[in-house]
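Enquirer: Sequence:
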Amino acid sequence: MSDMLTRLIFPIGELFLCCLLGGCAAPLPTLSREALDPYDRIVYVREHAIWGIDALGNTAKTIIDLDASIVAPTCSPNGRSIAFYSFEKKGNHARYFPWWELSNSSAHLIVADIDRGDPVDPGTFASPVVHSGPKRLRNFRIIPPRWSPSGRKLLVTNQSGLFLVEALGDKVQLVAEDRLLASDWSPDGRTVYYTNGIDVFSVDIEGEVFQLPPRPLSEQDVDGINVLACSPDGSRLACGGNNKLWILNLASSEITEICDSQFPIHWIAWLPSSDGIVFLSGLPDREVGPMRATLTAGIMSGHYRLLSVSISDKAVVEIFHESRLDVRMASPSLSPDGRFVAFISRPARSFEKVFVAATDGSGWRPLTAEGRCLFPTWCR
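Per the numbering used here, residue 1 is the first one in the sequence shown, and the count goes up by one each step.
The set of hints was computed from the structure by calculation and includes no laboratory data. Treat the hints with care, since some could be wrong.
[Said to hold, decoys possible] Listed below are the simulated SDA-like cross-link pairs for lysine to any residue, each with C-alpha atoms no more than 25 angstroms apart in a straight line:
#: 1; residue 1: Lys314; residue 2: Asn249
#: 2; residue 1: Lys314; residue 2: Gly276
#: 3; residue 1: Lys314; residue 2: Phe351
Every value quoted in this text rests on a predicted model; they were computed, and no experiment measured them.
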């Protein structure tokens with residue numbers, strides 16, 4: 001009886017959400033292989049290994065294989081190294097991220113050479129998780145390590161605060177002691193910006209903290225801050241909240257709303273030209289009525305849209321939204337030239353796969369044939 005009810009309710013709930021997200025438009029045309037650069041490389045997690053694959057979906061191979069859970073890999077600016085978190089093996093759950101054990105686990109920050117796969121362990125930290133609400137497992141959030149523009153340092157976030165770590169050394173510096181939701185570097189690598197979900201702060205590498213802007217954002221018309229990103233020219237911060245995307249001018253402290261996404265924003269990235277932003281917006285299943293919530297490996301299973309918005313005219317372009325699929329996305333990654341974005345989606349009756357879409361909305365295509373793929377990141 002329950003199975004029959006689920007089969008009846010799910011399509012109704014899906015149709016309702018589709019209409020909320022702006023209508024049941026036809027899927028985008030499939031992205032041609034000729035549009036992709038075969039020399040680009042994407043790395044991703046599959047089971048307990050990090051894999052690499054070119055942008056055409058060829059030559060998939062294992063880069064690093066550990067007898068432990070691997071989470072949130074990120075490539076260095078030159079594409080030669082990769083940083084990620086590794087959790088010790090937990091019984092039969094080694095092949096999957098043990099998110100239910102995070103509060104009592106410790107994670108190793110690992111830096112490895114992509115070509116050789118030789119790991120270097122700069123240190124052990126408490127679980128790299130931030131509570132973004134009531135203390136429940138479903139509110140755990142994974143914040144990937146962030147490379148400095150020089151590739152020599154990493155920003156690492158955990159429950160205690162924000163740390164600066166030497167990529168190939170053992171020096172660890174506490175930058176900010178707060179429960180943080182997001183952080184980013186300035187293009188020159190001299191300043192770090194971060195948010196606690198209410199206000200935005202800047203920290204120079206010597207450790208002096210400044211609040212941005214002088215008037216707290218919590219006193220202005222800003223409904224929370226989930227994610228932030230510094231523009232490539234270093235002049236502005238893009239901030240995504242519970243339903244809006246806005247820009248903070250670092251020189252004038254002026255705040256400009258760019259678009260109303262209607263739903264929470266979970267990820268943002270600037271285009272290299274600084275004239276546009278790509279972002280992920282949507283709702284997890286637990287917030288859309290009959291569809292059950294799922295939070296596994298840092299993924300909120302639900303219905304999302306990848307969008308791009310122009311800074312000048314605020315025009316919004318849909319990059320990916322396929323309401324007929326059980327869409328699951330985690331940690332999208334923008335290509336170095338800003339033309340493509342890699343992300344995770346789970347087609348119907350299948351497991352999670354890596355997809356690539358054009359940021360101009362011209363199309364998308366699956367990249368991996370195998371399933372159970374997580375955390376894609378683009379490498380130069």
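Enquirer: Does each hint hold? Answer for all of them.
Expert: Here is what the structure says about each hint:
For the hint pairing Lys314 with Asn249, the CA-to-CA distance comes to about 16 angstroms; that is within 25 angstroms, so the pair holds. Distance hint between Lys314 and Gly276 is fulfilled; the C-alpha atoms sit about 9 angstroms from each other, no more than 25 angstroms. The hinted pair formed by Lys314 and Phe351 fails the criterion: a straight-line CA distance of about 35 angstroms is larger than 25 angstroms.
Checked against the numbered hints above, the structure violates only hint 3.
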